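*Asks:* Each chain, letter by letter, is given below.
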Amino acid sequence: MAEEVRIIEDKATPIKKEWEEYARKGNWTVKGYEMVRALSGPGRIEDGEEEDFMVIYRPHGVLYRHSYGLVSKFFKGLIDKTLYGTKCPVCNTVYCPPRVHCWNPKCRVAETEWIELPLRGKVHTFSVMLFSADAFLEMLPFVLAYVQINGADTALPIQVVTAPTDIFVGQKVRIKFRENRKGDLMDIYAVPVKGQTTPEDSCLHRNNRDIEHLNRDLENTYAFLNKRFGIKKAEVERRWKAK
Amino acid sequence: MSDRRVAILGGGLYRPGRVRYDNAEEGVAMAYKNMLNDFPNLDPQDIQFVQSSYFSDHLNQQLCMAWIVQDYIGQHRKGGYRVEAGGSTPLDALLNAYFLIKSGQYDLVLVVGWEWMSEVDTATANEFIASASDTDWDFTVGGFYNGYYAALETRHMQLYGETIEDLGRIAVKNRNNAVHNPYSQWRAEHGTAYVTLDDYYKDRIIAWPYRRWDCALISEGACCLLMGSEKVAMKYSNNPMWIAGVGMGTDSMRPGDRLVDWAYHGVYKAEEKLYPKNIEKPVTPYPEMANFGFAREAVKQAYAQAGIRNPLKEIDLAELFAPYDGVELCLYEDLMFCHRGEGKTLIREGVVERGGELPCQLSGGLTAFTHPVGATSLLQTLFLYWQLAGLIRKKLGDATLQVRNAKKAITTGHGGTGCQGGVIIYSRD
Ligand SMILES: [Zn+2]
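Those sequence lines, one after another, are chains A and B. Under the numbering used here, the first residue of the first sequence is numbered 1, with each subsequent residue one higher. Under the numbering used here, the first residue of the second sequence is numbered 1001, with each subsequent residue one higher.
One chain only, chain A, in its complex shape:
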């Protein structure tokens, strides 16, 4: 018997067509070059000698086709605005990110069961991002947090949409779905539950000097956003208010 594979929902054809153009542009052929005069040699700078180097520009554009495997239900859940986790029937561990097999050595790779999780959690830890990879630059500044969803034993990386100086470890948050969902963790974000006070021992807030420095460098980030993307500080601050 031949194995049959059927596409039961297709949200990919337009991008496959669109990508053909990038693939053609990014086809590994040399698009330009520079001649560069620079130090050569293994030793200290003072011992180096200049040589002329030919430096080429060669692109590489790729579109991957990747299966989410047996955790597909989680990502389809994001598109359908439901947050799923899994639970091990042997040791009762609740996983979010989900695992379809329990990793507890005692459970001998037991199959877990899908459960729906509440749209609430708490910040286990965080970083305030003032720089990031290309795809995220326009979102700066943002809070990258590991959030433990209520009822789950693990933590999920989520952006918390809040003023960066308001974040703290242990903060209670609500999980929200973004308008345009595409099937990854950026489909959700977190917002702080209202009415919480920052604990005195919050590591971000212990020292006024640290907050001053963070505010100083946030200003640098706004200047960068304005220059690179024409995004104004007021627009950034609106993101944190519009929930």
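Do not take every clue at face value.
Subject to a maximum C-alpha distance of 30 Å in a straight line, what follows is the list of computed DSBU-like cross-link-like pairs (lysine-lysine) [as the list claims (entries may be wrong)]:
#1 B:Lys1300 x B:Lys1407
#2 A:Lys227 x B:Lys1202
#3 B:Lys1033 x B:Lys1395
#4 B:Lys1281 x A:Lys172
#5 B:Lys1395 x A:Lys172
#6 B:Lys1269 x A:Lys106
#7 A:Lys122 x B:Lys1281
#8 A:Lys233 x A:Lys176
#9 B:Lys1281 x A:Lys194
#10 B:Lys1273 x A:Lys106
#11 B:Lys1269 x A:Lys122
#12 A:Lys122 x B:Lys1277
#13 A:Lys172 x B:Lys1407
Don't read these hints as lab results, they were simulated from the structure. Computed from a predicted model, the values in this text were never measured in an experiment.
Given the structure of chain A, go ahead and fit chain B with the ligand onto it with the hints provided.
*Replies:* For chain B with the ligand alone, coordinates are given in the frame of chain A:
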């Protein structure tokens, strides 16, 4: 286990920089030539195996670059392969060469490591590096290792109370060491003036709590090491540096999973107990998202083999794989230089400073010396070799960093957010 002893016999380097224009195989060849100068008795044909070490295929649009390198230096015909495990790559290469010799398979192995990281822009380099995180999960939110590591450090700060000032002390210490290392990128870019905490505060935050100074450099560079069994060691080297103990460990791919880390659960009870009472415990309190379980696991094996009971007293210096200043502080704890939560004390009291009881990162480390990933642990090992052989003045033209009469040293390596790594203890005798 085989009782054959294995030694680092010496090595050579190609000065790392932010951008170098000699290409990777030429850089390796120059490091190899640099090494050969120290081994007048070595016939290159005596080398029996070439262990290659480089991290990323993405960075250079080239798979199997090890084949290019091995033939470029005329070391083809004999066996050779590459190992790859993110930041752990060069340490794993050293371990692999060690096992090949220890097993009796070979007596003389060349380890070559390199990385050329500036063929793409900085943001793309960070993106490629971050693709060593779980790309279905962690990568999609931020796509930047600095962020994940920063989040780990935030957790440790919250639990154990170190401050930005403590991170600053580490950053300043490493720079003020690097100015005495003429191969360091810090010195190449900033000269030889010492820096202070005030200078640190002026530096820009990129992923709180980390400033640029707290984070590993992006580098292009290469290093070669010659390793041999005791049968051949004295033939080639007057100053072999022996491998006294090794260990390896792993932890979860995604740091968020460490809150219920069943493989670690109950294994390190003393560390679990040192969890602050006022903070709600996750199911598994150690390593949690605060410490590095792989390092604790690895160092336990390494200390047992090397017979080390009191690392702070018995080890003379450390070159740690610390891509971020908070990692260095946490490793003080996980390598048992102090108890969990006391890492801050070691930096505050100067224990890890130059002239302290256990100086760490005298080379400048990954944040001030260099971090061409596939060569990093090789460069740190070469630096330790110079230390134990008393060659710092000769090799660096400045004896400031020389630890007098150094006998034992430790190095670590790891990849991911502490997903995999190892420890090597080196001994002069
Ligand atoms: Zn289970």
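*Asks:* Assess, step by step, whether the Cα of lysine 122 of chain A is no farther than 30 Å from the Cα of lysine 1277 of chain B, and give holds or violated.
*Replies:* Since the Cα atoms of lysine 122 of chain A and lysine 1277 of chain B sit roughly 19 Å apart, the hinted pair holds (cutoff 30 Å).
*Asks:* Is the Cα-Cα distance between lysine 1273 of chain B and lysine 106 of chain A 30 Å or less?
*Replies:* Status holds; Cα separation ~23 Å.
*Asks:* Sort out whether lysine 194 of chain A lies within 30 Å of lysine 1281 of chain B, counting only the CA atoms.
*Replies:* holds, 24 Å
*Asks:* Within a Cα-Cα threshold of 30 Å, do lysine 1281 of chain B and lysine 172 of chain A meet the stated pairing?
*Replies:* With a Cα-Cα distance of about 16 Å, the restraint between lysine 1281 of chain B and lysine 172 of chain A holds, given a limit of 30 Å.
*Asks:* Next pair to validate is lysine 227 of chain A with lysine 1202 of chain B; report whether the Cα-Cα distance is within 30 Å.
*Replies:* Since the Cα atoms of lysine 227 of chain A and lysine 1202 of chain B sit roughly 22 Å apart, the hinted pair holds (cutoff 30 Å).
*Asks:* Are the Cα positions of lysine 122 of chain A and lysine 1281 of chain B separated by 30 Å at most?
*Replies:* Roughly 13 Å between the alpha carbons, so the hint for lysine 122 of chain A and lysine 1281 of chain B holds.
*Asks:* Between lysine 172 of chain A and lysine 1407 of chain B, does the CA-CA distance stay at or below 30 Å?
*Replies:* The given pair, whose Cα atoms are some 51 Å apart, is violated under the 30 Å limit.
*Asks:* Mind checking the alpha carbons of lysine 1395 of chain B and lysine 172 of chain A for me, to see if they're no more than 30 Å apart?
*Replies:* violated, 55 Å
*Asks:* For the pair supplied as a hint, lysine 1033 of chain B and lysine 1395 of chain B, confirm whether the alpha-carbon distance does not exceed 30 Å.
*Replies:* It holds: about 15 Å lies between the C-alpha atoms, which stays within 30 Å.
*Asks:* Would you check the hint for lysine 1269 of chain B and lysine 106 of chain A, treating anything up to 30 Å between C-alpha atoms as holding?
*Replies:* holds, 19 Å
*Asks:* Checking one constraint from the list: CA of lysine 1300 of chain B to CA of lysine 1407 of chain B, max 30 Å. Satisfied?
*Replies:* It holds: about 20 Å lies between the C-alpha atoms, which stays within 30 Å.
*Asks:* Holds or violated: are the alpha carbons of lysine 1269 of chain B and lysine 122 of chain A at most 30 Å from each other?
*Replies:* holds, 26 Å
The structure shown violates the earlier hints numbered 5 and 13.
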